[in-house]
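J.: What follows is each chain in one-letter form.
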Amino acid sequence: MPLLEIEGLTKQFGGLTANHNIHLQVEEGEILGLIGPNGAGKTTLFNCITGFYPPTRGRVRFQGRDITGWPPERVCQAGIARTFQIVRVLREMTVLENVMVGAFLRYPRVEEARRHALQILEFSGLIDRRHELARNLTIANKKRLELARALATKPRLLFLDEAMAGLNPSEINDAVAMVRKLSEQGITMILVEHVMKVIMPLAERVVVLDSGELIADDTPENIATNPRVIEAYLGEKYRATRAIH
Amino acid sequence: MSPELVLFLQTLVSGILIGFVFSLLSVGLTLIFGVMDIVNFAHGEHLMLAMYATFWMWTLWGIDPLFSLPVVALLLFILGVITYRLLIRYVLDAPMLAQIFVTFGLMVFLRNLAQVLWSEDYRRIGDTLLSGRIELFGIFIGRPQLFASLGAVITTGLLYFFLKRTRTGWALEATAEDKEVAGLMGINTERMFALAWGLGLASVGVAGALLATFNPIFPEVGTVFVLVTFVAVALGGFGSVPGAFIAGIIIGIVQVLGGFLWEPRFKTVLIYAIYLGVVFIRPQGLLGRR
Amino acid sequence: MQRIRWQLLVLVLVVLLLLAFPFYVAQPFLQRTMILVVMWSVLGLAWNILGGYAGQVSFGHAIFFGLGAYTSTYLFTEWGISPWLGMFVGAGVAVLVSIVIGWPSFRLVGHYFAIATIAAGEIFAVIFRNWKAVGGAVGIYLPIIRGDRLIDYQFQEFKAGYYYIILAMLALIVLVTYRLERTRMGYYLKAIREDSEAARSLGINITRYKLYAMMISAAFTAIVGTFYAQFVLYISPNTVFALAISIQMALVAILGGTGTLLGPIIGAAVLIPMAEYTRVYLAGRAGGLHLVVYGLLIMLISVYQPAGLMGIYREWQHKRAARGMVNDSLPVATAEGGADDAVA
Ligand SMILES: Nc1ncnc2c1ncn2[C@@H]1O[C@H](COP(=O)(O)OP(=O)(O)O)[C@@H](O)[C@H]1O
Ligand SMILES: [Mg+2]
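Note that the protein sequences, when read in sequence, are chains V, L and U.
In this note's numbering, each residue carries its 1-based index in the first sequence increased by 22.
Residue 270 in this note's numbering sits at position 283 of the second sequence, and the numbers go up by one each step.
In this note's numbering, each residue carries its 1-based index in the third sequence increased by 19.
If we strip away everything but chain V, and leave its shape as in the complex, we get (with noise of 0.2 Å):
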């Protein structure tokens, strides 16, 4: 039994179909990447999954049970947590407050909920900033704290949505070891990057989006060479130099 099963999802905006019947399936341990030119709909799809858009039609199935239309909370306490493309850190609130929210899922005490949660502050190295507020993290801290918070609702699936966008080469680099880590761990996890060459090297399996249309489901090989791919992110490079005219 695959460990998500995504069967006709369907997802409109008005007359917009932003997601155009997607079936996908991960299995469980997998590293997938999704990719996909702007506005393909990759956080749309992200967002139907984890309950903060009802899907138009089609269903979602987490470990076999149905979960389609299920409010965010519920899905998150089912065991998937997500990142946000636009970081949400809670910004009045400590490193380690932030941490400890997440924490609470699984921890309803405050002690265990802080011991549980400065562990993953070590494991993602944001123990030295425990004491600071949120808001004065700089992005790739507020990226990592935001993956370490839904770390610390110890899912089984990881969404995350552009976790390396804005991060220089070497915040990458320390990002995709902790995606490495995580998946020793046994965490199944679905990364969304718009620039495929960070996904490559990573993801077992890359799925590709366009235009709400899941266009390819191959390997990071096959997919870099995938005739469609390139003219989904051709077509995406010709949109760009009109938009500069």
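Be aware that one or more of the hints could be misleading.
The calculated lysine-lysine pairs, modelled on BS3-like cross-linking and capped at a C-alpha distance of 25 Å, are [stated by the list, open to error]: (1) L:Lys254 - U:Lys178; (2) V:Lys203 - V:Lys176; (3) V:Lys176 - V:Lys219; (4) V:Lys203 - V:Lys219; (5) V:Lys219 - V:Lys164; (6) V:Lys164 - L:Lys166.
Label pairs and their in silico Cβ distance ranges [stated by the list, open to error]: (7) V:Lys203 - U:Arg339: 39 to 47 Å; (8) L:Leu79 - V:Ser192: 42 to 50 Å; (9) U:Arg298 - L:Phe148: 47 to 55 Å; (10) U:Ile331 - V:Glu154: 19 to 27 Å; (11) L:Arg76 - V:Ser233: 36 to 44 Å.
Hints in this document: simulated from the structure, not taken from any laboratory.
C-beta: ideal position from N, C-alpha, C; glycine also.
Use these hints to put chains L and U with the ligands onto chain V, whose structure you have.
T.: Structure of chains L and U with the ligands alone, referenced to chain V:
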């Protein structure tokens, strides 16, 4: 016509007339909200200031509201820009609590300042060029009320024309749509925000001058109108100018008809109930897009 | 360790001073003002649980205040039920109403919620103004009972009786808030305030927690409503269901600092004496003067220091600590943050 019918029509007409004034007030509020997602809790107090300005110009210098109207509108435009520059600018990125409290503090400040300066007395403007009433098919219409609704319609029309047909108006709408994109397109969003406050309060200025011709003037007069305005803005969809306009009229009618058919003192309950009903069932308002 | 012992000492001292207050200050005006300061501290703290910690700004809390006042007063004047009992019935009524209002309203956020609470508050005011059975717009006078017995919840000579009752309420809500800050719910409420979507993504049922906060907040507000009725011995829609009550509850908390334990108390301690003095000494001439100053303060604080007076104090403390760091390299930690190292 039977007396009941006359009375009914009389009520209906007065509802529509006051509805136009509600519309103008709501348009001012919704404009500010649409452009920067901030509710001006001091909206009613700005109305109160406009009414006092009209009153004092009439009392001290004998200027008829008809002529002081543009002056009051200009004064409130300036006040709006100043309010933006001095207060609102600083809370654009602040936590929501600060955003709510800043105009809220302004409300407390202005209302009580008026009380200290001008006492709680009810004041009225006596005979103006607009006084008197006319009779139409047995229905009496106060000339001040008639003129107020005319003025409100004209002002709203001008504002709408400005938003839809001028470059600046277009820039303002673009800012309301997405301030970051607007900024990238070379629009000075800072100026657009100030303009939104200026225009928002100028509308209130016009409404105040018009209302002052027939409505008593006192420090808390704003509360009488502002809640109705909130309701109209919600009903019309926060940020929608045409929505606010239509909602204002609807509320004017509902208010008087509710008072007519049910119990006058429950008419406010009716309006709040509409607000709650609307925001619960259709939070984006009747004509809102979101 | 040193620091904790020092704090404990201050705490004991403050409690003793508060308990002894009626014995070293006998002037009725000052006693009355002190009672009001404590009363508004409790109200500010009650508002703070929903508005400060959970970040849901309500301008309709007069509903709960009024319900508390009316329930106990009605039960007492009509059926002779003791206000002590009526106080808890009133709290129960307020909690029920808070659920009825909160359940649908919590789908609204920010400004929309604030406006909805204003509307709800006005609806209650109008209903009570027109409800003949509870005195309509005139309200209800409570019968005077002499003898100054605690059981009667009335004190004609020994006004300090009121003081001790409201002080006990303060102690209770301080304790509740203190506990709240140190339990999961407190963290959850803050998370909801900071970013409700992020909170949901972490498994928090935000509606449920906002509702809990509202229920606690409503219960305390109602209890103070009963106290007020017993203290003033007259209630009317225009006094207990007034928007002014809702506003002042928020003001006290904002001025002192929302989302903190001491903030609302400090806010009340600054605001209420100011209000009482201007009311008494400038009576008639400048009725709203203190409110003008309030308004100004609120604006200044939201623009320059949204964290209120507590925020100013904290900043000052931080600066001082930062200067101190040059000598002894103690980490600058919040009072709470320091504790975790012991556990780790
Ligand atoms: N809440 C929304 N309402 C309307 N349209 C939306 C909403 N969210 C996303 N969209 C639209 O759906 C499309 C896909 O967006 P998104 O999922 O964010 O793309 P990606 O994450 O791949 O860049 C875009 O055209 C976007 O404008
Ligand atoms: Mg995206």
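J.: Hints first: check each against the structure and report whether it holds.
T.: Status of the hints after comparison with the structure:
1. L:Lys254 - U:Lys178: Roughly 43 Å between the alpha carbons, so the hint for Lys254 of chain L and Lys178 of chain U is violated.
2. V:Lys203 - V:Lys176: 14 Å, holds
3. V:Lys176 - V:Lys219: 29 Å, violated
4. V:Lys203 - V:Lys219: 20 Å, holds
5. V:Lys219 - V:Lys164: 23 Å, holds
6. V:Lys164 - L:Lys166: 24 Å, holds
7. V:Lys203 - U:Arg339: 39 to 47 Å: 41 Å, holds
8. L:Leu79 - V:Ser192: 42 to 50 Å: 34 Å, violated
9. U:Arg298 - L:Phe148: 47 to 55 Å: 50 Å, holds
10. U:Ile331 - V:Glu154: 19 to 27 Å: At roughly 21 Å between Cβ atoms, Glu154 of chain V and Ile331 of chain U fall inside 19 to 27 Å, so the hint holds.
11. L:Arg76 - V:Ser233: 36 to 44 Å: 40 Å, holds
Of the hints listed earlier, those the structure fails to meet are numbers 1, 3 and 8, in rising order.
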